[in-house]
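Start from the sequences, fold in the hints, and give me the full structure.
Given next are the chains, with one letter for each unit.
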Amino acid sequence: MNTKEKKITQFQLFFLIFLTQIGIGVISLPYEVFKDSESDAWISVIIAGFFVQINIVLIWLLYRRFPSLTIFEMMSEVVGKHIAFIFKIAYILFFSSVAILLILLFGRMTHIWIIPRTPNWIILLIMISLCVFCVKENLTVMARYYFVVSFSVIFFLILITSFVKGINILNILPVGQTGFPSIIKGTAQSLLSFLGYEMLLVIFPYSLGKSVGKLKVALLANGIVTIIYAYITFVCLTYLGPYVMKLIPEPILFILKFRSFQIIERTDLLFLSVWIATFGTSIMMYLYLTSNGLANMFTKTNRSTLLFCTATLLYILVLFIPTNDNVINLISNYIKFASYFFIFGLPCILLFVSILRGKKGSPETV
Amino acid sequence: MGFFKQNHRGIIQHYKQLQNSNISGTKVFPSFGENVNFIIEFFNNSHDLMTYPFMFKQKECMVLYLETLVDQDKLEQKFFIPLSQRENNIEKRKSFTLEHFPNSINFSEITSKMLQGFAIVIMDGEKHVLLIDTGLSNDRGTEEPNNEKVVRGSHLGFVENIAINLNLIRTRIKNQNLFIEYQTIGEITNTKIAIVHLKGIANEDVLKNVQNRIKNISSDMIFGPGYFEEFIEDSTVSPFPQMLSTERPDRVIANLIEGRIALFVDGSPTVLIVPINFFSFYQSPDDYNSRAYIGTFIQVIRLLSFIIAVSLPGLYIAVIGFHFEVLPEELVLTVKGAVEKVPYPPLIEAIIMELTIELIREAGIRLPSAIGTTIGIVGGLVIGDAIVKAGLVSNTMIIVVATTAISSYVVPSNEMSAAVRLLRFPIMIAAATFGFVGIAFSFMALFIHLCQLESFGSPYLAPIAPFRFKDIKDSIVRLPLWKLNNRPLDHQPKKVNQQSSSRKWK
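If you read the sequences in order, they're chains A and B. Going by numbering that gives the first Met the number 0, the first residue of the first sequence is number 0, and it counts up by one from there. Going by numbering that gives the first Met the number 0, the first residue of the second sequence is number 0, and it counts up by one from there.
Be aware that one or more of the hints could be misleading.
As the list claims (entries may be wrong) - Some chain A residues flagged as far from chain B (calculated, every beta-carbon gap over 10 Å): (1) Ser27; (2) Ser38; (3) Pro66; (4) Thr300.
Stated by the list, open to error - Chain B regions said to be covered by chain A (calculated; three or more residues, Cβ under 8 Å): (5) 169-177; (6) 315-324; (7) 479-491.
Claimed, not checked - With a straight-line Cα cutoff of 30 Å, these simulated DSS-like cross-link-like pairs (lysine-lysine) come out: (8) Lys494/B with Lys6/A; (9) Lys6/A with Lys148/B; (10) Lys493/B with Lys5/A; (11) Lys6/A with Lys493/B; (12) Lys5/A with Lys214/B; (13) Lys494/B with Lys5/A; (14) Lys469/B with Lys6/A; (15) Lys5/A with Lys198/B; (16) Lys335/B with Lys256/A; (17) Lys469/B with Lys215/A; (18) Lys148/B with Lys482/B; (19) Lys469/B with Lys5/A; (20) Lys472/B with Lys6/A.
Hint data in this document are derived by calculation from the structure and do not stem from the laboratory. Treat the numbers as computed from the prediction; the structure is a model and nothing was measured. Ideal Cβ positions, reconstructed from N, Cα and C, are used throughout, including at glycine.
Set out below in C-alpha cells:
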C-alpha cells in the first residue's frame, strides 16, 4: 500500500461508498427495473441490495486476509506476478470503462435535459477537469468533498418526499403479481445502479479502524443506498402507475418537471444542476481507482501524472464514441457482465486460491 | 546573460558589505577613541548622531545617541540629572554609580539597541558599554478599530506599537503560560515581530511550522501584515484569506485561548491569527455578547449571505439567458417586460452594475467623509431609477445587484468580503456560458478548492469537511456558552476541555 496516502476515518469511508454508489443510476433506475419486473420493481431493488451486502462481505473476507493491501497488490501475492499482471490490466480497463460509461451518461443527461444546444465536448471537458482537480490530491480531500456533496442527497430526498401525497398504493397491488423469475430478472437490471461498492477492493486498506468496524460501515452505506433506491422506485411506481411507467425512461425527472412549487417551476432543472455534483463523485472515484491501479503498475511515476494521462485518454476516447442509445446500451451491457466477473467472480476465486495456498498478508497495523 | 548574472552577484555582495559592515563578532575595543570612532563610522556620520563627552571618576566618558529616536526628557531624568546632582552634592556622590545600567561588549548588540532608541555610554578603560533605555514613542490612543465595531463589549483596539499591543494582551491574560517569542525580519527595516501562543493549549507542531516559515522570510522590508502574509500562507493562488487579521484585543485573546497562534508585527495594528478556518471569518465578538438565539440567527444569516453574494447574479443571468421556464407564470411577464427593453445580454448588464458598485466603493473609501457623501448620492443616481428610465439596465437587475452588494458586505472580515466579491465574476461568466450547469460546475470547483485548502495544517472548511458534529455548535450556530465545554478541534489544540459545568447551582 502506498504509505504516503493519509488514511481516512470510517465516517469518511461511509460517504465515499455512499456517494460512489448513488449517482447517475438513480435517474433511470425505476424504468430499467420496471421493464422486467413491472409493478414489483421495488422488491427487485431490495433483493439486489441484499445481494450487494453479500458481495461486500465477500470483499471484506478477502481484505481480512490481506489487511494492508489493495486488490492490485494482493493479486501478485495470491496468484503470482504474471497472472496478476493480466488481472491488473483487466481491472484497470474495467474501472476506466465504468468511468467512460458514467461520463457518456452524464453527457447525454445534460444534453437532453438542461442545455441541448451547448456542444457536449466542452461540458465533458469541464467535468473531467474538475474530477482531476479533486482526485489529484489524495483520498482525504476527496472524502471531505464527498461529505459536502452529500447534502445534495438530502435535497433530493426532500424533493422526492414532496410528491408522496400524490401516490396511489393500488398501483403496486397485488404484491408479487409478476412472479419470481421476472423479479430476479429485474434484480439483475438494478445491480448496475448499485455499482460503486467495488471501490472497497481498493479503499479498505486506506481507512482507519478495526476491520469489523469497516465492514459495518460498508454494510450500513449500502443498506442506506438500498433503502433510498427502493423508496424512489416505490414512489415512482405508485405515483405514475404501470401504464405511464412503460413510456418514460427517466421517471423522476418527468415527475419533477411537471410539479410546480409556486416559487419555482421546472424543478427538474434545479435538481439536475445540484445532482451534477453527485454525478461527479462517481466519476471521480473511478478515476481514482484507475489511477491507483496504474500507480501500482508504474511505481516510479507519480499518481497525479498517471491520473492526468488517464483522464486525457478517457476524454479523447469519449469524444470518439457516438452518444446514442445503442452504444450506451452496448457498453452498459458489457459492464454489467464484466462486473459479475470482476466484483463477484474474481474476488471469489482470489479468496479460494489464497485459502488453498495458505497465503495471508501481514497483520493489520492501525 | 552570464555577464549580467555576475554583475548582479557582485552588486549584492558589495551591498551586503555596506549593510552589515560585518560587525557581528566585533567586541568593544580597549581604547576609548577607537570605540567612539567605530560608532560614528558605523552610522556614516549621520547628522542626528549626538555625542556628549564628560568626566566621571576622573575618566573620560561619552554619551552617544540618535537624537531622532531618543526621548530627551527620559534621557535627562535617567542620566543627566543624577549625574549633575552627583557633581553638585557631595553627600550623594557615593550613591550614584553607573553600574545599575545594563551593559554589553558586543558591537552588533550595541548598535541594534541604539537603533531602538537606546543611549550608550562609552567609558575610558572599561571593557563594556552601558545601555540606557530612552526610547521615544509617539502613539495614538487605543481606540476602537473602525472596521470592526461592536455594539456590546470591549471598545479597545490595537495601535502601531508592538509593545503596547503585547501589553494589551498580557494585562488581559494573566497567566505564566502566555509565551511571547520575538523575531526580527526584514534585512533593512529590521522589523520586530512577535509570535504569541499559550503553552499547553496551542499545538507544538503547528507552532514549529509557523516559526519555520517565518524564519524562511528573506526580504528587505516588512511593512505590514498583508506583505508578510503572502510569505507564509499555504496557498498563494487561492482567493481566500488563510489568516484572520483583526485589530481587536478581545478577539485575539479568545483565539489564543482557543489554542491558536497570534502574530504581531511592529508598525501595524493588525494582528494575524493562525491556523484559521472558513467559518471564523463569519464570526464577530458581538455574537458572544448577545443571547444565543440572536447569535445563532445572525451567524446563519451571515453564512447565507456568502451563498447569496457569490451566486445570486449568476443565478439571475442563468435564468434570464437559459432557463426562463424556471420562473412561475406570474413572474414571467414582469421579468420579461423589464428585460426586453435592455439592448444587451444579461451578463453585460450585470457586469456594468457590479463594476459600478465596485467603483463607488473604491471612490468612497479613501475620500474625506464630506466628499464621500456626495459620492454616495451620485452613486445612488447610477444604481437607481435613472439608469432604468434611461433603458440601460433592467429593474430586476438593479434589485439583484443591490441585494448582492449588501450581502457581500455582511462578512465581518474585509479580506473575506473582497474574496466573495471577486468570486462572483467567474460564476457570472460561467452562468452566462452554460446556465445552471455552469453554476453547478463553479460551485463544484469552489468546494473542491475549499476542501483542499489548509491553513497551517488544519483543514479550511472544518468543521464541515472534515465533519465534526460537536464543533458545529461553535462555528455555524452559536449554542449557549454553558454548552461549549470543549474547544473546537480543527486546529488540534493540546487541551480539549475549556470549562466544566458552570451551571451546577441549578
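Verification of the supplied hints:
no. : hint                   : result
1   : Ser27                  : 19 Å, holds
2   : Ser38                  : 32 Å, holds
3   : Pro66                  : 24 Å, holds
4   : Thr300                 : 22 Å, holds
5   : 169-177                : violated (count 0)
6   : 315-324                : holds (count 3)
7   : 479-491                : violated (count 0)
8   : Lys494/B with Lys6/A   : 24 Å, holds
9   : Lys6/A with Lys148/B   : 43 Å, violated
10  : Lys493/B with Lys5/A   : 21 Å, holds
11  : Lys6/A with Lys493/B   : 21 Å, holds
12  : Lys5/A with Lys214/B   : 28 Å, holds
13  : Lys494/B with Lys5/A   : 24 Å, holds
14  : Lys469/B with Lys6/A   : 22 Å, holds
15  : Lys5/A with Lys198/B   : 28 Å, holds
16  : Lys335/B with Lys256/A : 22 Å, holds
17  : Lys469/B with Lys215/A : 23 Å, holds
18  : Lys148/B with Lys482/B : 27 Å, holds
19  : Lys469/B with Lys5/A   : 23 Å, holds
20  : Lys472/B with Lys6/A   : 26 Å, holds
When the structure is compared with the earlier hints, violations turn up for hints 5, 7, 9 and for no others.
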